[in-house]
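One letter stands for each residue in the lines below.
There are 2 protein chains.
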Amino acid sequence: MRFAIRNPQSGYVMATVTIDTVGKHDGQSVTICGWLTHKRSSGRIRFLVLRDGTGTIQCTLIQGETSEQALDLYPELTHESSLTVTGTVRRDKRAPGGYEILASSIEVLQIAETYPISPKEHGVGFLMDHRHLWLRSSRQQAILRIRHAVVNAARKFFDDQGFTLLDAPIFTPSSCEGTTTLFETDYFGDRKAFLSQSGQLYMEAGAMAFGKVYCYGPTFRAEKSKTRRHLTEFWMIEPEIAFADLETIMKLAEALIVAIVEEVLETRRQELKLLGRDITRLEKIQPPFYVISYDEAVQILKDAGESLPWGEDFGASQETIVSNHFDKPVLIHRYPAQTKAFYMKNDPNRPEVALCVDMLAPEGYGEIIGGGQREDDPVILKEKIEKAELPAESFDWYLDLRRYGSVPHAGFGLGIERAVAWICGFEHVRESIPFPRLLDRLYP
Amino acid sequence: MRFAIRNPQSGYVMATVTIDTVGKHDGQSVTICGWLTHKRSSGRIRFLVLRDGTGTIQCTLIQGETSEQALDLYPELTHESSLTVTGTVRRDKRAPGGYEILASSIEVLQIAETYPISPKEHGVGFLMDHRHLWLRSSRQQAILRIRHAVVNAARKFFDDQGFTLLDAPIFTPSSCEGTTTLFETDYFGDRKAFLSQSGQLYMEAGAMAFGKVYCYGPTFRAEKSKTRRHLTEFWMIEPEIAFADLETIMKLAEALIVAIVEEVLETRRQELKLLGRDITRLEKIQPPFYVISYDEAVQILKDAGESLPWGEDFGASQETIVSNHFDKPVLIHRYPAQTKAFYMKNDPNRPEVALCVDMLAPEGYGEIIGGGQREDDPVILKEKIEKAELPAESFDWYLDLRRYGSVPHAGFGLGIERAVAWICGFEHVRESIPFPRLLDRLYP
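Chains A and B, in that order, give the protein sequences. Position one of the first sequence corresponds to residue 152 (my numbering), numbered consecutively onward. Position one of the second sequence corresponds to residue 152 (my numbering), numbered consecutively onward.
Everything labelled a hint here was simulated from the structure, so no lab data went into it. We treat Cβ as the ideally placed atom computed from N, Cα and C, and that holds for glycine. Accuracy of the hints is not assured; some may be wrong.
Said to hold, decoys possible - Pair ranges (Cβ atoms, derived):
| no. | chain 1 | residue 1 | chain 2 | residue 2 | range |
| --- | --- | --- | --- | --- | --- |
| 1 | B | F198 | A | T331 | 48 to 54 Å |
| 2 | A | L416 | B | R191 | 53 to 59 Å |
| 3 | A | N500 | B | T188 | 33 to 39 Å |
| 4 | A | N500 | B | T431 | 56 to 62 Å |
| 5 | A | Y225 | B | I531 | 27 to 33 Å |
| 6 | A | G576 | B | T167 | 38 to 44 Å |
| 7 | A | A543 | B | S289 | 30 to 36 Å |
| 8 | A | T331 | B | R191 | 50 to 56 Å |
| 9 | B | P270 | A | A543 | 28 to 34 Å |
| 10 | B | P226 | A | E514 | 56 to 62 Å |
| 11 | B | S289 | A | E514 | 44 to 50 Å |
| 12 | A | E514 | B | I531 | 49 to 55 Å |
| 13 | B | D223 | A | E534 | 27 to 33 Å |
Stated by the list, open to error - Where chain A lies over chain B, by a calculated footprint (3+ residues, C-beta under 8 Å):
| no. | stretch |
| --- | --- |
| 14 | 260-266 |
| 15 | 368-374 |
Let the hints inform the model, and build the full structure from the sequences given.
Here you go:
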């Protein structure tokens, strides 16, 4: 049995009540639009549970109270069928939202075909193939609502401190950190455009104009590795500040993470609970965070039986060991200059290390923030660009920033998906973005 | 004469006062960090005007009050040199911000090389080549601050109404409106990824999960045309609502534009004035906007001596004629279905027109919003995909949205650069984005 989609009336969504606000209509008759998540019957009473994106609610169908037409429909209703239920809101302490609806009538928009996602266990590949439907699950909704809160908290943090939002370009004429991990596209037949790996260089130009700027947008890395921390397309928020040094942005990074966690705890506690997150771990995220040097991190590794020659960068497993060592985020500063990108400023007191910082989330989650103070001397920067064998003409504009009123400046990037994965408490970043793009995943 | 960049001290930016807050330090000694925008001397008094991204301030150098070292430096200081000025804040009615600084000492960070942008007229090509420096001009800063306010107002509008932010993917397996205007990239050797032209299809999946969603991100069109309204990379905010029809989103679009203009008028009035914008024009942007059908728009064109056969889409010049006709935005609904994309729902009462709407900004600015109600019948949608010769396998997930609880739904996209260009009152969109990408522009 199939029903045609009804001819919609004007101002549809405005005229109905959403599930999160039924409490305001206690004792009144309302119409709810939504999808059926499950149904059950107990003797002569039938129950429909509806979701509408704002919550779920139980609708009760009782002979004598509910129309015959609705009672007749009950057996036909399948999982994810779309319908409207009209009925009286009733306070019920046992109900999840505190209210249920005593249905008087039902209007079916569509009887859904057999829904592919069932309560039984599915493999991740299957669920990812059905990501457009998987989003309807309460767990995925909780994660993405937390993501929304993370993004909002970060933007608010910078807005409130007088940063100007500058959307960075995606198409760039050159690479910032080598071309091996760059996606490229033909740009009208006569040249190539590379997809940005970071808005940083452009934010540096912005900082010289606006003082404090940030961008929030997608960035791209064509990494062939399949790890739990990598997406080919991921979102970053990147602040950059003029007249700032490493110390400034270390403090800023700490304050940002505190603000984000605070906002999530304040507005998304229910979602964290639904995910089974140990909230006490997040409540510990208070300043001051731990601050150690690269050298001290190497010592931690050594003590853990994992020796790393000085000068090498940490791998994911080493980051895990170090971050597991702390119950709060840890800021690791002054990595060997050779492990870092050309634009990093070397420590004048110790030129073999860069004035850089990575922040590792606790509980083994690894790097969520990377940044540092930028090289501000035009002569040294030019040498570094040459040494890195980058095309000089592509970076001429970037050198201009050191020719016309160069100033100490610094900034960092926060990877949104990694931050969300840590806050939600899951291993793999793939569920922390609506439609993940991975080495083997471009659909849907 | 050249000065080395000094070795920065810790917590630099935090320890100094920004120009916008000097008023709080009236009579006190402060240190300002900034760049020199101009200087002049009058008898024995010398003036330096500094900008720091938060504003500009005049610093006065007077023999006896100012250090000899600072007075000696004065002749060396070039446009855009970076420096710090320490001195006493003094109230001065004639000063732009109401205050000036009586300088006691100066520290130079860098004497800038001869700055390429001078007060004389430059061609747009030259300025765009120097976009990374051009951003420092007060006009460009005003525009991009207005852009920031537009983005914030739009996001706040949706957040406050319970929309969930869902960042849409950029890499997509297929095109939404034909492949001729798509940028593509090799995706790990075995397939192609296309850069998204719109997040809409993904927002439709989101609406079925969250009820109301929006995305804000870059979108890409490989249009070979050089017009004042097109960028190859532009940003859109796209809401999508389940259980909504054309009428719902027409009201929503109107309310959004009203909220955006209100926010700009409230927080960026100074910037509008600096741009010479006729603010009374913006103050007229109050509901209700004009609402006409495509048929009525064709009649307006005919009356203006510009005849258009029924069934053809409007060109830019025709949009200009229609939008010039109104002192407020005009919503044009129900275009011929043949001019619109496959996913548009046809009007059941008049199948030759689509349930779509474009909003044209007044004063000839043309389209800033496009949207409509989506086809929700799986059978009709499948036919439309076939008729448009789109690859069925790429849209199978999209058809799923019509198989599992299809509901009437609608949404639209607001082009940020076009909205900013209109609000700022300039013809070409290229200045309304930090780093514009055009047919012939990929640098810096």
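(request) Sort out which numbered hints this structure fails and list those numbers smallest first. (result) The structure breaks none of the hints.
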